[in-house]
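Student: Under the UniProt record's numbering, the residue at position 207 of the sequence shown is numbered 207, and the numbers go up by one with no gaps.
Accuracy of the hints is not assured; some may be wrong.
[Claimed, not checked] Label pairs and their in silico Cβ distance ranges:
1) D104 with L234: 33 to 41 Å
2) L160 with E21: 21 to 29 Å
3) D104 with R47: 28 to 36 Å
4) K182 with D226: 38 to 46 Å
5) E222 with K182: 39 to 47 Å
6) F159 with H123: 47 to 55 Å
7) A16 with G257: 17 to 25 Å
8) E157 with G30: 22 to 30 Å
9) E223 with S38: 31 to 39 Å
10) D113 with A91: 51 to 59 Å
[Claimed, not checked] Listed next, the in silico DSBU-like pairs over lysine-lysine satisfying Cα-Cα at most 35 Å (straight line):
11) K71 with K182
12) K182 with K211
13) K211 with K71
No lab work stands behind these hints: they were computed from the structure.
Even for Gly, the Cβ is constructed at its ideal location relative to N, Cα and C.
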Amino acid sequence: MGNASRGFEELVDEAAAVSVEGWDFSWLEGRATEERPSWGYRREMSRRLAGASAALDIQTGGGEVLAGAEKMPSVMVATESWPPNVAKATALLHPRGVVVVADDDEPPLPFADAAFDLVTSRHPVTVWWEEIARVLRPGGTYFSQQVGPASVFELVEFFLGPQPEEVRRARHPEDARRAAEKAGLDVVDVTAESLRTEFFDIGAVVYFLRKVIWMVPGFTVEEYRDRLRELDALIRREGAFVAHTTRFLMEARKPGGGSSDGGGA
Numbered sequence: 001m002g003n004a005s006r007g008f009e010e011l012v013d014e015a016a017a018v019s020v021e022g023w024d025f026s027w028l029e030g031r032a033t034e035e036r037p038s039w040g041y042r043r044e045m046s047r048r049l050a051g052a053s054a055a056l057d058i059q060t061g062g063g064e065v066l067a068g069a070e071k072m073p074s075v076m077v078a079t080e081s082w083p084p085n086v087a088k089a090t091a092l093l094h095p096r097g098v099v100v101v102a103d104d105d106e107p108p109l110p111f112a113d114a115a116f117d118l119v120t121s122r123h124p125v126t127v128w129w130e131e132i133a134r135v136l137r138p139g140g141t142y143f144s145q146q147v148g149p150a151s152v153f154e155l156v157e158f159f160l161g162p163q164p165e166e167v168r169r170a171r172h173p174e175d176a177r178r179a180a181e182k183a184g185l186d187v188v189d190v191t192a193e194s195l196r197t198e199f200f201d202i203g204a205v206v207y208f209l210r211k212v213i214w215m216v217p218g219f220t221v222e223e224y225r226d227r228l229r230e231l232d233a234l235i236r237r238e239g240a241f242v243a244h245t246t247r248f249l250m251e252a253r254k255p256g257g258g259s260s261d262g263g264g265a
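Starting from the given sequences, assemble the full structure and let the hints guide the process.
Tutor: As structure tokens, then:
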């Protein structure tokens, strides 16, 4: 899509040099596409935030998703562990009245019991269910979009080879349901989708693997240059490399307290 005339080395060098800070994927515009989930997480998150009095966004990244909310509750806090993202999220969210807390993403969360009536999180790396249950008020809601099992594994397995079943099954929504229930939350809804993802040039692949570091752990251009050349040839031959992203939407509620300010399906 516009880069077919550019050579392998040029595309790879460009993608290897560009910044991958934050959680903004606009650099991939025209170079890769990912089908969006049907539920519209940002819109639904925004609606719930508008009805909350105190909310927490866990693993906010650079704050880009939270910043899209139309209205913030009177108390709005976000946590993030990676220092460059902490700085970026603070600059982006502080003008909206959001306090960004640098947190190691290990329990306990640095908040008192029953501090929030809404906890949100988009694509958390780890979910500490007991801590979420602890910081939610009775009747409070947890609302999250998460990466599902074997997401973009066509790309992962191109570089790493076939993965064992336990790795392919990790992050299964039913496991999340059981973990939430074990922590004492009532699961309101779990919805999962598989979404078509296309990479139109090898630079897009390099950028993606540099940014989403857990896909191919320890990825470097030097280490995988031969496989990158093979993938470059495949993309030029077929026009794109096709993979499938998996996502699931989850809403859970802490029992008691009547209806939640931040809840609602």
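Student: Each hint: holds or not?
Tutor: Status of the hints after comparison with the structure:
| no. | hint | verdict |
| --- | --- | --- |
| 1 | D104 with L234: 33 to 41 Å | 40 Å, holds |
| 2 | L160 with E21: 21 to 29 Å | 25 Å, holds |
| 3 | D104 with R47: 28 to 36 Å | 31 Å, holds |
| 4 | K182 with D226: 38 to 46 Å | 45 Å, holds |
| 5 | E222 with K182: 39 to 47 Å | 43 Å, holds |
| 6 | F159 with H123: 47 to 55 Å | 21 Å, violated |
| 7 | A16 with G257: 17 to 25 Å | 51 Å, violated |
| 8 | E157 with G30: 22 to 30 Å | 26 Å, holds |
| 9 | E223 with S38: 31 to 39 Å | 37 Å, holds |
| 10 | D113 with A91: 51 to 59 Å | 31 Å, violated |
| 11 | K71 with K182 | 33 Å, holds |
| 12 | K182 with K211 | 33 Å, holds |
| 13 | K211 with K71 | 29 Å, holds |
In this structure, the earlier hints numbered 6, 7 and 10 are contradicted, and the remaining ones agree with it.
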